Structure formats: structure tokens, C-alpha cells
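Engineer: Protein sequences appear in the order of chains F and Z. To convert, count from 1 in the first sequence and add 52; that's this note's numbering. To convert, count from 1 in the second sequence and add 11; that's this note's numbering.
Hints in this document: simulated from the structure, not taken from any laboratory. Quantities reported herein were computed from a predicted structural model and do not represent experimental measurements. Even for Gly, the Cβ is constructed at its ideal location relative to N, Cα and C.
Chain F side only, calculated, beta carbon under 7 Å to chain Z, not exhaustive:
(1) 149
(2) 157
(3) 232
Computed Cβ-Cβ distance ranges for the label pairs, DEER-style:
(4) F/239 <-> Z/440: 43 to 51 Å
(5) F/239 <-> Z/495: 39 to 47 Å
(6) Z/495 <-> F/190: 27 to 35 Å
(7) F/189 <-> Z/448: 51 to 59 Å
(8) Z/495 <-> F/80: 47 to 55 Å
(9) F/87 <-> Z/862: 22 to 30 Å
(10) Z/402 <-> F/142: 43 to 51 Å
(11) Z/498 <-> F/80: 41 to 49 Å
(12) Z/332 <-> F/95: 53 to 61 Å
(13) F/199 <-> Z/455: 52 to 60 Å
(14) Z/490 <-> F/199: 18 to 26 Å
(15) Z/495 <-> F/107: 52 to 60 Å
(16) F/80 <-> Z/322: 25 to 33 Å
(17) Z/748 <-> F/142: 37 to 45 Å
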Amino acid sequence: MTRPMPTTPAPELGCPAASATDVVKLYGSGETAVRALDHVSVELMRGEFTAIMGPSGSGKSTLMHCLAGLDTVTAGSVRIGDVELSGLSDKQMTALRRDRIGFVFQSYNLVPTLTALENITLPIDIAGRKPDRLWLDTVVMTLGLRDRLSHRPSELSGGQQQRVAVARALASQPEIVFGDEPTGNLDSLSSGEVLGMLRHSVDELAQTVVIVTHDPRAAAYADRVLFLADGRIVDELRSPTADTVLDYMKKLESV
Amino acid sequence: MTTTLKPAQVPVRLPRTPGNPLIRVGFRNLRAHKVRLLLTVISVLLGTAFVAGSFVFTDTLKHSFNAIFATGLKGIDTRVEPQHDYDPGVPANLVATIRKVPGVARVSPQISLPAVVVDSHGKRLQTGGAPSEAGGWTPAAESITPPPSFVAGAPPAGPDQVVINQGAAKKAHLSVGDHLHVVLANAGTVDVQLTGIYRTPSDTGGYVGVRFTQQEAKRLLTDGSHVSLIDVAAAPGVSEQTLTARIKQAVPSDLKVRTGTQARDDATHGIASALSFVNYILLAFGIIGLIVGTFIIFNTFSMLIAQRLRELALLRAIGADRKQIRRSVLLEAGLVGLIGSLLGLAGGVGLAYGLHALLDALDLGLPSGGLVITARTVIVTVLLGLAATLLAAYAPARRAAQTAPVAAMRAEFAATTAAGLRRRSLIGLGVGALALVATFAGLNSSSAGTGASLAGLGLAGMVASAMLLSPILARLLIVPLGRLVGRPFGAAGRLSRTNAVRNPRRTAATAFALTLGLVLVSGIAVIGASMKASINAVFDNNVTADYILSSQTAVAVPEPAVDAAAKVPGVGSITRLYGMSATVDGKHKLGMAVDGPLPSVLKLTGTTGATTPTGHVMVVSKSTSEKPGWGLGSKHVLTAPGAARSITETVGGVFDNNQLLDGWLVSGQVYRALTPRTDQFVFVALVKAAPGANLDALRTGLQDATNSYYVVDVQDRDQYEGQIASQVNGLLGLLYGLLALAIVIAILGIVNTLALSVVERRREIGMLRAVGMQRRQVRRTIYLESLLIAVFGAVLGLVLGLAYGSLFTHTLRDQGLNRLSIPWGQALTFLVVAGVVGVLAALWPGIRAARTSPLQAISEL
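Using the sequences and the accompanying hints, generate a full structural model.
Structural biologist: In C-alpha cells:
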């Protein structure tokens, strides 16, 4: 199986790595339909670290799922780079996720029977490609996993497991990495480590990262914070700190 | 929601199911996991169906034959028969003696002899296993039993007239006036005309009974001084016991004298035990089915409980105690077992019906009649099904009961480790060592019986040991195998390999169905192949005849057919072999009689003295000659069965033991002098061509000469070997039945395990989908995993089966199985079949897995 190498992140920053235009997502139908996303439009810039925040049920996870091609939208358009997602077959969508998107899940979601290294190279293996050794070394070094590569997930701590998960997301040099509450299961120390790694990958490896979180300290690592409420983007914050985010959240919840 | 709360006008409806809430939970669970439980129910069903089927089948046969003999042999108060099969019959002059016994109302001598009936087109009637015989027609006035009624025509009146039973007439489309040929062993072919078709209660499927007039029957079917048996009816007021006792006094003591009741019981019993092999096969299937089913049930409940960990923990948290949890799980199992065994009962009835129809179509002489379902059948089936299910669910139920209430809070499944396998493996090694000891003891045993039993014990031990060691073996075997098979499939290959050994206990239990099936099948295959090889070797090494005349019917090769063959131009010599039964020096013995030169048709080695028995000179095998008093020149007195006359024989020659010959051989002249005419059978005649004769012309000549006897096969050595091999193949047909059952159960087991694994791993599969695994890759992963499990089970079974098949062959080496032949091609076929089965079983779970949404990776459990 030979497939073209995934397009490496475009060098020019400032253009969107992913975008949503007028996205509506309905769950159910008729009387009982729930409007999870209500005409959301957003652009996620290359080389930026974006955090999506909002109270439970605000639609922040749904937005991420739709942006990441895990879920389909009811109306509107989602693009990854220059690819319009609506209209893609399951096969094309899967290939797109595999080649151009990285994921970090809240509960790590590593394959328990594979070693750390095998887990990291899993998406590349699935694509039937050889990993780019140089890049892989860089990622492994950056995440401090050198000594842990032959361990099984059960032999790693939560923080280490999540670092393996981040390495897996970065291994195929995706255009964009999505994290769904990536620190939700971690203590504050590991949490800081993992977020530091993500920050580092944006600054040093020119990656684009989007995370969903409800932790203001996590959001503080981002360049930009989007706030969602009732399925709409209600505001955004540039260069946030934990305090400014917390303040904003308080304001949002008191509405 | 803006509903205003009003005081409840309608009282809250309490659940209608009374009693224990945990019982309710049990019931609800059954409903919630329909598909999974369906698979479990099917596995219970399969095992119990075969058990129930065997009971129903046997009971039905017993019942029908009881009915047949109760009516067919009604009116007989005493039956006088020869003691042994080889006796010439009952002296005909006893009829007069018995008539004089006080209390006798009627005496009816009966004559019957195996016969083959051929219709006017030269087609043989009846090809199955039911009796085919010729006898005398007892006129209604002399009949003790209810006289058969005529459907068409009238009783035979002349020497060339016969009547035939309705079943045979119907099957062969015969009508009154048709010309028939009756082939008898001694008299050859008799041409007759059909004068009537009679109806008899003993007209079971395939039975053929032609009846001559009494005089003709006496002439053709007896030696003139004997009848087959004598039936007696008592005068009014004389009980059958009294009559039987009186007759016993009046007739020679070497005759068997029974009451009518005993005769009827024995007849039923005899037939039932003749058909009991069917019963054993069914029971064996049932037991294998149940054993394998137990593993499936165990797997299902283990997995269901693993999945319901949170629910169970919740029940514990809200105050259910361990006993209640255990009971709730066992109740579920009990319900599954009950439903499964009830369905199995129905399945068994269907099976018995189908089997009956099948055997009937094969003309095996089965009576027709309704199926008999006894209380015992129902009780045993249900109890077995219940016991197997409860037994299998007990360990999972205990584990469920041990769930800690806090487990409700934990989201992830506990990772399975090798811990706990150590004890199991140690026990497995111990059992294996004992099994090896038993096996070696069996191998070195001098007696074939003990040897085979010990090897059988060894095999059972090895199977148990393999089952216990299987989790460890799974890892050892599947990892390298998976590397090999999975290589072309990259990540899918690696995942399937690691998944297959992820839970080695489960893999082992899943693969066990195939292991057990293949142990049986490959073991039987080795024995069958060795049997064929041994037979071929015997004929190849010993037979130098150019053609072999034989018959697959009860009339063997009719003597006149051999006489005709002997006259064919190009025949150098013809040698007849007979089975000889005689009393030698006061003890009954079986030997052989030879008429014609032996060395020209058989390779005899180590001969001293005469090579062929002639006149009153007998030749014996080396082992016979080594017995005290049997040396060259020793004299022995041979007495005919029934003690009609004696001949003194002198041992004139010795030959090396030969598998085609018995320990002693006498001449044809002695055979004919000592054996009643009607019992004389040429079981095979060996033809050696004259020097320079054209073999093809000779074959044609022999066929033409024996054609009018209908039952004679003219074959060269290879054809004869082929015919015997095909009989062995018929026996091996059972093997494929076993394979089929093992496969069906294995498919169920694999489907079950995979389907549950897919559900268990849905988060992981969702993640794989999320990071870019295509649906077909997901499917492929599941197929490969299943393939690995199936091939693992098959390899384990094949290794054990081939090894023990070879060992059994070795222990039976003195029983004629002296050539070991391992059917590698067949073994490979079994392996491929197992692999295909693995993939087929994975189809549905694979499709389900591929449908997993990537969002499952994120969902709550």
C-alpha cells in the first residue's frame, strides 16, 4: 500500500487549518429535537493553540466532534484545510482523520495489548506507511517517552499514558490535533506536563492544536479561548490566563 | 416542564412480578441480551437434542418391534431352536416327537435361509441391511401365528411358485405372475413365478421374504433332515411354561427351548441391540455437544457478567448480598438451560424422526410407526441441559457475587493478566504427565484390549490437560502464527494477534470446540487410513490370484456359480475358501476349508510338508502347530455340528501365520462331509489364469459365466481392495458427521465470543475508527483474530488426534492394523476447514465491529 505522504502543515501561518461555517447540529427530530449547535461559524488558525470552553451542554464537545470529522453536521459546512467534509464518504472521512487529524482523548484510549511505541505508530501502521523516523524521534524526545517505548499502557502512569496518546496524535504530522478534555483524568502535575507538551508542539513543531476543556488552567495554555453557550459561540479571548478565563466563566454561568 | 404536581390520584403501580427483585433483574437481563443468550440457548439445544434424539429413537424402535413381535409371533407357546448359529437346525423328525407330547395342539416347523431375490430385469431386490430370506409357506390351517393375509394372488402351489411380502413387492413394483430369480448359496439360481403377495406384521422397511411350498422349501432350503425351528401351540388349559417344560424333556438337550414370551422378548431385544450403534453415536454426539456447549455457556456468562460489572456493583451498593447476586445469575443460567433443553427436546424428536426416515430410506429394516417420547426422555434431557448450564455458570456467578460495591465507580475493565493461570497450568501439567504414563503403559501393553483402554484413558487425560494448558499454549502458538499470518495485514494483523491472546482463557475456551472435534475426527482418520493401508498390504503381499470372485450378499458366492467359473477357458486353477465350523477334539472351533490349490493363489511362506489340505490331511499355521499335540503328523477328530459324523484328520503341513487364513485348514471334501448342505458358503473363490491366458478375455469369461447368479463380483486384486476400502470409507462417514457437529458448535462459540468481545472493546474500536482505521480494516482485524483462534484450536486438536490415532493403531497392531498411515492431506483439509470456519464465524461480529462509530471512543461505558 503506497499512499502519498500527508501534506505537511503549510508553512504560512494565519490561514485556517479548520473552519466551520454556519454549522447547525440537531439531535433527534421533530418535537424532541435538541439543537446542540446553532449556526456556529469559526476559523481555527494554523500554528495556533485554541481552547473551546463552555458549561456542560453548551455544545463544545459537539463542535469539536464535527470539526474533527467524528460526527456529521445537520447544516452548514466544515473544512479541514481545503477539504469540505460534508459529502465525504465514510471511507474518505476515515482516511482524512487518519492522514490529517490527530486525536487526544480524555481517557487516553490506548490499545492495552500494544506497547507505547506500537500505540504511537498505530495510525501510521493503519495507513500502511513507514513512520518518518526523524519526526518520530523528535516527538518521542519532546514528550520524554524515550525510556517508556516498550512498556504496555498498564505499566504507565496516567500522565505517561496521555503523553503516549499525544505522541500518537502527533506521529503522523497531522494538520490539526484535537483534544477532548485531554487532562480530564489527570492530576494537576501530569495535567501541566501534557498541556506543556501541547504548547511546545505548537511553538516548536508548528502544530495546530484545539482542545475542549472546562479547566481554566488548561485553557490558559492556549493562544485563544472560544466560549460556547447553548450551541453558540458567545465570545472569545486572546492570550488568556487562568484568572481571566475563570472570570469570564463565572460571568457566563451567572447569565 | 411545567406540569403542576397534583396529589397522586392514581396510586403508583407496583411491579406485577411478585417476589424477589433480583429474580426480576435476572428476567430483565434475559430479555435485554437476547442475541447473546440465543447463542447460549442454541449451544444447550445442540447437546440436549442429540441426547433426546437418541432416547426417542431407541424407545420408538423398541416400541415398534415389541408391537411387531407381539402380533407376528402371537400364538406361539413354545419355540424349539438350535443352540448355535452354526448348528444345522432342528432335526425334522422331532416334529413327530413333539406332536406326541401331551398338551400340544399344533406343531409348525419353520424353514428359512438367506436368499437374494432378483426381478425379471435382473435387478436385485433390497440393498439395505434388512433380512432377505426364503422360506416355506405355512398353510393357514397349520399356522400357529395369525396367518398372513393375501393382498393379491394365492399361496404357492407348484415347485416353481413363490409368494412375496407386500413391502418388497411394492418397492420393486412386482405383481402376480411376474418371473423372479431366487439366488441361494448352495442351490444357485432358482427361477420362479410370483403367485401371491402377502401382508405380515413383520414387514419392516426393506425386508424381503419369499415363500415356497413346504415341499419345495424342504428340497431347496434344507439338507432334508433339519428345519430351522419348530413352533408349538398349547392345547387349551395348558400354560406355555408347562408345555415348554414338557417339550424340554422330550427333545435333545442341545436344543434351545423357550416359551413364546421369551422368544418375543429376545427377538425385540436382539433387533434393538443390533441397532444400538445408532444410539451410541447419538449419545456420543450429545455428550460432545454438551461438553463443548458448557464452554460456550461459561464464556457467555463470564462476559455478560464482565459487562454488567457496574450494574452488579450497583445492586451490591444498594444492599443486595452476595448470595442474592449469585442466585440471580444462576437463575438466569437456569432459565437459559431450561429453554435450551426444552428446545433440545423438540430438536431431538425432530432428529429421531429424520434419522428414522433416513434409515428407512436405506432399507435397514425399520418398522414404521409413531415416535415414542417417554417421561424418562423428557426428565433426563431437561436435567442434563440444566446441569450443564448451571455448572458452566457457577464460576461466573461466584465471580459476580464477589463484585465490590465500589466497582460501580470504576469505568475501565480490569486488565486480564496471566496471574491465576499458574495454578491451572500446573494442574494441566500434572494431568498431562499422568496421561503420558497411561499412554506409555498402553503402548507397552501386550494385550490389545488393555492397551487400547489405557491409551484411551491417556487420550482423555491429554485432552483435559490440553484444555487446562490451552491458555498458555494459546499464547505460545498464536503469537508466532499471528506474526506469520498477520504480516501482510500490517496494523490489522498485529491487532488481531494481540487481541487473540488478550484473554487467553477465553481464547482457549472458544477454541476448545474445534480442538475436541478435531481430536476425534483426525484420530478416526488415522485409524481409518491405517486400516485401509493394512488391508491393502495384506492383499498385496499375500494374494497372487488374478481374479477374486466374491459377493456382498448373505448368500456369498453360490457354489454352482464357482462350478461355472471353473469351466471358463483360460482358468488355470480355481480355489474355493470356506469358513469351517466344527468340533475339534471335543471343542468347538472355527477354521477354514480349502478346495483347490492354495500356493497358486496365495503366497505362503515357511511351509513344511503339504501346502494344500487334501482328503483327510489338514494343514495348520505355525502358531497352531506350536500348541501341544498339534505337531506334524498329529491326529485330530473333527465332528460336524449337531454331531452327525466324525472324521479323523492328520496334520500334513505347516505354513507361516497368514492374515488371510485361519489356524487350521481342511479339504473341501471334509467340509462338505461335515457341514450341513444349507450352511455351505463359498465366501471367496480365487482364480489363477492359465499360463499365457488373456486376462481381459478371462475376466469377460468369468463375468459371463457368473452373470446368471446375479450376486457374484468378479474383481482383480486392486478392485477387491478398493471395495473393502469403500466399506471402511462408509464407516468413516461418521467422521464427517462428527466434524460437522464440531464445526456447528465451534461456529456458535466463536460467534459468541467475538460478538461479546466486540461489545467489550467498542471504545477501543471507536478509537481505532477515530484515528483512521477503515471499516474493512476493522472487519479484517476481527476475521484474522477469529482465524487465529480457530487455527489454534484446530492445530491443538490435530496434534492430539493424529498422535493418538497413531497410538491406537499401534496398540491394535496384532489385530491386523499393522500399517500406520497418517492422512496428511486430510489433516490439511481439516485445518483449512477450521480456518474457513473461523472466518465465517467472524463475519457477523466483524460487520458489527465495523459499524462502531468513532464517537464510541469518547462515550461513557
